[in-house]
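Participant: Assemble the complex: chain A is given as a structure, and chain B with the ligands must be docked to it using the hints.
Now for the letters of each chain:
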Amino acid sequence: MNALMRALSAEILKLRRTLAVAMVWVTPAVVCFINLMIASDQENTFGSLEDTWMALASNHLSFWTILALPLFITLETALMANAEHSEKAWKHLFAMPLPRWTVYAAKWLVGAGLTAASSLVLVVFTILNGLLIRSMRPDLNLSLDVPVLPFLLVGAKAFVISLFILSIHTYIANRYRSIAVAFGAGMVASVINLAAISSDNGIQYFPWSMPASVLPGMDGIFNVTTITLWALAGAAVTGLFGMILFTRRDVL
Amino acid sequence: MIDKKYPDVLIQTTGLTRKFDRQTVVDQLSLNVPAGSVYGFLGPNGAGKTTTIRMLLGLIRPDAGEVSLFGKPLRSHRLEVLRQVSALVESPSLYPQLTGGENLEVTRRMLGLPRQAIDRALGMAGILDVKNRLVRAYSLGMKQRLALAMALMPEPTLLILDEPTNGLDPEGILDVRELIAGLPKNMGTTVFLSSHLLSEVEQVATHIGIINHGKLLFEGSLSQLQAERQQYLLLASDRPEQARELATRNGWRLLPGSNGRLKLEVNGPADAALVNRQLVQDGVNVHQLELVQPSLEDIFMTLTKSPVG
Ligand SMILES: Nc1ncnc2c1ncn2[C@@H]1O[C@H](COP(=O)(O)OP(=O)(O)OP(=O)(O)O)[C@@H](O)[C@H]1O
Ligand SMILES: [Mg+2]
Numbered sequence: 001m002n003a004l005m006r007a008l009s010a011e012i013l014k015l016r017r018t019l020a021v022a023m024v025w026v027t028p029a030v031v032c033f034i035n036l037m038i039a040s041d042q043e044n045t046f047g048s049l050e051d052t053w054m055a056l057a058s059n060h061l062s063f064w065t066i067l068a069l070p071l072f073i074t075l076e077t078a079l080m081a082n083a084e085h086s087e088k089a090w091k092h093l094f095a096m097p098l099p100r101w102t103v104y105a106a107k108w109l110v111g112a113g114l115t116a117a118s119s120l121v122l123v124v125f126t127i128l129n130g131l132l133i134r135s136m137r138p139d140l141n142l143s144l145d146v147p148v149l150p151f152l153l154v155g156a157k158a159f160v161i162s163l164f165i166l167s168i169h170t171y172i173a174n175r176y177r178s179i180a181v182a183f184g185a186g187m188v189a190s191v192i193n194l195a196a197i198s199s200d201n202g203i204q205y206f207p208w209s210m211p212a213s214v215l216p217g218m219d220g221i222f223n224v225t226t227i228t229l230w231a232l233a234g235a236a237v238t239g240l241f242g243m244i245l246f247t248r249r250d251v252l
Numbered sequence: 001m002i003d004k005k006y007p008d009v010l011i012q013t014t015g016l017t018r019k020f021d022r023q024t025v026v027d028q029l030s031l032n033v034p035a036g037s038v039y040g041f042l043g044p045n046g047a048g049k050t051t052t053i054r055m056l057l058g059l060i061r062p063d064a065g066e067v068s069l070f071g072k073p074l075r076s077h078r079l080e081v082l083r084q085v086s087a088l089v090e091s092p093s094l095y096p097q098l099t100g101g102e103n104l105e106v107t108r109r110m111l112g113l114p115r116q117a118i119d120r121a122l123g124m125a126g127i128l129d130v131k132n133r134l135v136r137a138y139s140l141g142m143k144q145r146l147a148l149a150m151a152l153m154p155e156p157t158l159l160i161l162d163e164p165t166n167g168l169d170p171e172g173i174l175d176v177r178e179l180i181a182g183l184p185k186n187m188g189t190t191v192f193l194s195s196h197l198l199s200e201v202e203q204v205a206t207h208i209g210i211i212n213h214g215k216l217l218f219e220g221s222l223s224q225l226q227a228e229r230q231q232y233l234l235l236a237s238d239r240p241e242q243a244r245e246l247a248t249r250n251g252w253r254l255l256p257g258s259n260g261r262l263k264l265e266v267n268g269p270a271d272a273a274l275v276n277r278q279l280v281q282d283g284v285n286v287h288q289l290e291l292v293q294p295s296l297e298d299i300f301m302t303l304t305k306s307p308v309g
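If you read the protein sequences in the order shown, they are chains A and B. 1 is the number of the first residue of the first sequence in our numbering; add one for each residue after it. 1 is the number of the first residue of the second sequence in our numbering; add one for each residue after it.
It is worth saying that the hints were derived from the structure and are not from the lab. Even glycine gets a Cβ: it sits at the ideal position worked out from N, Cα and C. One thing to keep in mind: the hints can contain errors.
Chain B residues, not near chain A, derived (Cβ > 12 Å throughout) [stated by the list, open to error]:
hint	residue
1	MET187
2	LEU291
3	THR304
Partner residues are not named here, just some residues of chain B that face chain A (Cβ under 10 Å, in silico) [said to hold, decoys possible]:
hint	residue
4	GLY58
5	ARG78
6	GLU80
7	VAL81
8	GLN84
9	ALA87
10	LEU98
11	THR99
12	GLU105
13	ARG108
14	ARG109
15	GLY126
For reference, chain A alone in the conformation it holds in the complex (with noise of 0.2 Å):
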């Protein structure tokens, strides 16, 4: 444990002044910008007005769990992977006297760390969003009343189901030393989510789709406690399967 906690705090300072902790805002204020262009069309009435912020959230949310978190973490994982291959640092890391599997399950912690706190700026920038959209559009009528908690709890939930995909990633991206691997099959895997969402039950069996879940349009359709709970069994069965895996292999 001692040794997990030595290597977690090696890598969380090896995150300074790079690129990846300043996608942890970038990207959800990516999502917020698309949809303040969406918002200040004037057509554009977000359904139901009672259901305004929902409606808002629900637009958020689509393109964060269907095309940004599964991409934020195919690009956190790669970069995270990079600093390593660029330097050939893994003969440094794997010649220290600490377990190999604490080095690798750093990384996924740290991984987790920062698709948990972007989930986090996700939600801020989103009732954020609302309320600059509400003093741009006083048509849709967007109370104050803005619902904290539940749009916490859907960020929570597709944070959670995400954590399968992260997996998958953290392995994909430190195995292979060519980052044209990790951002392939990211692109190649976002490709595919796109027509298991349109399916009929694909959003269920694709580990990059189910994040889509917790949509509020998906509540009737799928359980989303089953899902999570699919997803963190893949979660864990990927992540100690690549972990077991990348730590066997020859450094070179």
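Facilitator: The following block gives chain B with the ligands in isolation, referenced to the frame of chain A:
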């Protein structure tokens, strides 16, 4: 200074072998690195030095043979023995967006060392003044020194350095040489140092191992290697075939690789004169006679040039 809780041989490999796609890169290597030594591990490019070092650190697995550090098999005691080992393998592993100090801090956190260790190590490597500069802005030599500081930071019992003077200017090479030479005495550290230049290690090493095509060609103290510096006589004449025959008949030992000229094992100028007299008496006209004292570099070249396998 050498702590007696360690055995006399800090690194021992037995029959160490590693293949890369069927090519045997390290071949039945049996090394013995004595405690308190500076061991120069020499070999030309591609000899298998880095591959050997990777196996010493448990980074790659041998196909056969075993590594023991501090008398304990690496396979079963990896974490325990690595606690006393530091290494710099090939290029420095640094994070360019961090400062030099922060780079050491990353390693310090992983090893759980006290904070003072950072400045002390930077001072030893002579780069304390650039501690707060981003490594991105470091020169090649500064990076090399920082990597060296990183390896020295834990004050290891065994320090493994793979071509540590890469990218250093003459002054830097001198600094590092001095630093390394003093380590056994000042820090109780045994140094295992790879290089492809004999001239680079002969001034610091107490022991030498020479490897080529993955095979160990020589291992011993520097004085043992110097003892191999057999003087020889280089001789050219108008009738080389007859000269060869005569010299052999007179009991001189012929050395290989004379390239048209005769190469004979001799002991001093008196021998040279005797050979000359014997040949001239038998009607062979000697037109060149040279007594050669090979340098260590010559020995190294001879050893590593000879066809192996
Ligand atoms: N990952 C690898 N895959 C295939 N062959 C390899 C690999 N690593 C090393 N080799 C081969 O093994 C041989 C020895 O390489 P090694 O790096 O150990 O040599 P070296 O003695 O360190 O050389 P140098 O002085 O150039 O650093 C070389 O022929 C090299 O091509
Ligand atoms: Mg090498």
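Participant: Hints first: check each against the structure and report whether it holds.
Facilitator: Okay, the hints, checked on the actual structure:
1. No beta-carbon of chain A is positioned within 12 Å of the beta-carbon of MET187/B; the least distance is around 18 Å.
2. Under the 12 Å C-beta cut-off, the non-interface status given to LEU291/B relative to chain A holds; the minimum distance is some 48 Å.
3. No Cβ of chain A approaches the Cβ of THR304/B within 12 Å, the least distance being about 25 Å, so the stated non-interface status holds.
4. Because the smallest distance between the Cβ of GLY58/B and any Cβ of chain A comes to about 7 Å, under 10 Å, the interface hint for this residue holds.
5. Below 10 Å, beta-carbon pairs count as interface contacts, and ARG78/B has one with chain A at about 8 Å; its hint therefore holds.
6. Checking GLU80/B against chain A by beta carbon gives a least distance of about 8 Å; that is within 10 Å, so the hint holds.
7. Hint on VAL81/B holds. Least Cβ distance to chain A is approximately 8 Å, under the 10 Å limit.
8. The interface hint given for GLN84/B holds, since its Cβ lies 8 Å from the closest Cβ of chain A, which is under the 10 Å cut-off.
9. For ALA87/B, the shortest C-beta to C-beta distance to chain A is roughly 5 Å, which falls under 10 Å, so the interface hint holds.
10. The closest approach between the C-beta of LEU98/B and any C-beta of chain A is roughly 6 Å, which is under the 10 Å cut-off, so the hint is satisfied.
11. Checking THR99/B against chain A by beta carbon gives a least distance of about 9 Å; that is within 10 Å, so the hint holds.
12. Of the supplied interface hints, the one on GLU105/B holds, with its beta-carbon coming within about 6 Å of a beta-carbon of chain A, less than 10 Å.
13. Nearest Cβ of chain A to the Cβ of ARG108/B: about 8 Å, under the 10 Å cut. The hint holds.
14. Hint status for ARG109/B: holds, given a least beta-carbon distance of 4 Å to chain A, under 10 Å.
15. This hint is violated: GLY126/B has a C-beta 21 Å from the nearest C-beta of chain A, more than the 10 Å allowed.
The structure is inconsistent with hint 15 alone, although it conforms to all the rest.
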